[in-house]
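**Q** Sequence:
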Amino acid sequence: MADPSVPAGSRMSPAPLPVSDRALIEESAKKSALVWVRGPRGPERALWHVWHDGAVHLVGDGPAEQPLEPLGLTGGAAATVSVRSKDKGGLLAVWPARVVELPPGGEEWREAVAELAGRRLNAPDTTTIAERWARECRVLRLEPAGALLEGPGSMPEELRAAVPPPTPATTRRPVPAGLPKLLRRGRPGRPGRKGR
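Oh and the sequence shown: position 174 is 174 in full-length UniProt numbering, straight run, nothing missing.
Hints in this document: simulated from the structure, not taken from any laboratory.
Please note: incorrect hints may appear among the correct ones.
As the list claims (entries may be wrong) - Okay, the calculated beta carbon distance ranges per label pair:
{"hint": "1", "residue 1": "L179", "residue 2": "P70", "range": "40 to 50 angstroms"}
{"hint": "2", "residue 1": "K88", "residue 2": "G118", "range": "25 to 35 angstroms"}
{"hint": "3", "residue 1": "V19", "residue 2": "P70", "range": "27 to 37 angstroms"}
{"hint": "4", "residue 1": "R184", "residue 2": "M155", "range": "47 to 57 angstroms"}
{"hint": "5", "residue 1": "A134", "residue 2": "P165", "range": "28 to 38 angstroms"}
{"hint": "6", "residue 1": "L183", "residue 2": "E157", "range": "44 to 54 angstroms"}
{"hint": "7", "residue 1": "T127", "residue 2": "K181", "range": "51 to 61 angstroms"}
Claimed, not checked - Heads up, simulated DSS-like pairs for lysine-lysine below, C-alpha to C-alpha not over 27 angstroms straight-line:
{"hint": "8", "residue 1": "K86", "residue 2": "K30"}
{"hint": "9", "residue 1": "K31", "residue 2": "K86"}
{"hint": "10", "residue 1": "K30", "residue 2": "K88"}
{"hint": "11", "residue 1": "K31", "residue 2": "K88"}
Just so it is clear, CB atoms sit at the ideal spot from N, CA and C, and this is done for glycine as well.
All chains, please: the whole structure from these sequences, using the hints.
**A** Right, dumping it as structure tokens:
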């Protein structure tokens, strides 16, 4: 549910950020295909995005799109965005964000959708994607809401590997006892095979 004190689609001026923080946030988000977002509830989740007009933009919650609702991302909510280095994959920056839900059809929504549609991979309906998103999805803007929480020179020392979620998948079963012998025999027409 959106915060009633913040009109849907309204845009507050971003919190004042040091120039170096703003530059790092913008450059890292532009170069990365994914950001990791932690909302008011649920675990941190990787989401594809575009950087447009000073903020990360996401589309989701439709049948063929990424799930945003489990994170509690609603207008006026707070989120934390983590960006990884495109080159090495290590954590580059973590920053607080304010969530703004863009109302379908508005000018900001149309601009964001034009950018998002250009980056959407394997869309089932490239010609009518904007109409589908207006009907079935939400477009969110994650605006930087303060200085970096973590960045170069201020990363924590502890390991932050996530615990794998439960899954019905099984591990590989032991190799059958006769398989190594079959593999040593070789294939027809290969050196070392008898009866050529």
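**Q** Are the hints correct? Go through all of them and say.
**A** So, going through the hints one by one against the coordinates:
1. L179 to P70: 40 to 50 angstroms: holds (43 angstroms)
2. K88 to G118: 25 to 35 angstroms: holds (26 angstroms)
3. V19 to P70: 27 to 37 angstroms: holds (35 angstroms)
4. R184 to M155: 47 to 57 angstroms: Given range 47 to 57 angstroms: holds, Cβ gap about 50 angstroms.
5. A134 to P165: 28 to 38 angstroms: holds (32 angstroms)
6. L183 to E157: 44 to 54 angstroms: holds (46 angstroms)
7. T127 to K181: 51 to 61 angstroms: holds (57 angstroms)
8. K86 to K30: holds (10 angstroms)
9. K31 to K86: Holds: K31 and K86 sit about 7 angstroms apart, inside 27 angstroms.
10. K30 to K88: Distance ~16 angstroms between K30 and K88 Cα, so the pair holds.
11. K31 to K88: Since the Cα atoms of K31 and K88 sit roughly 12 angstroms apart, the hinted pair holds (cutoff 27 angstroms).
Going through the hint list in order, the structure satisfies each hint without exception.
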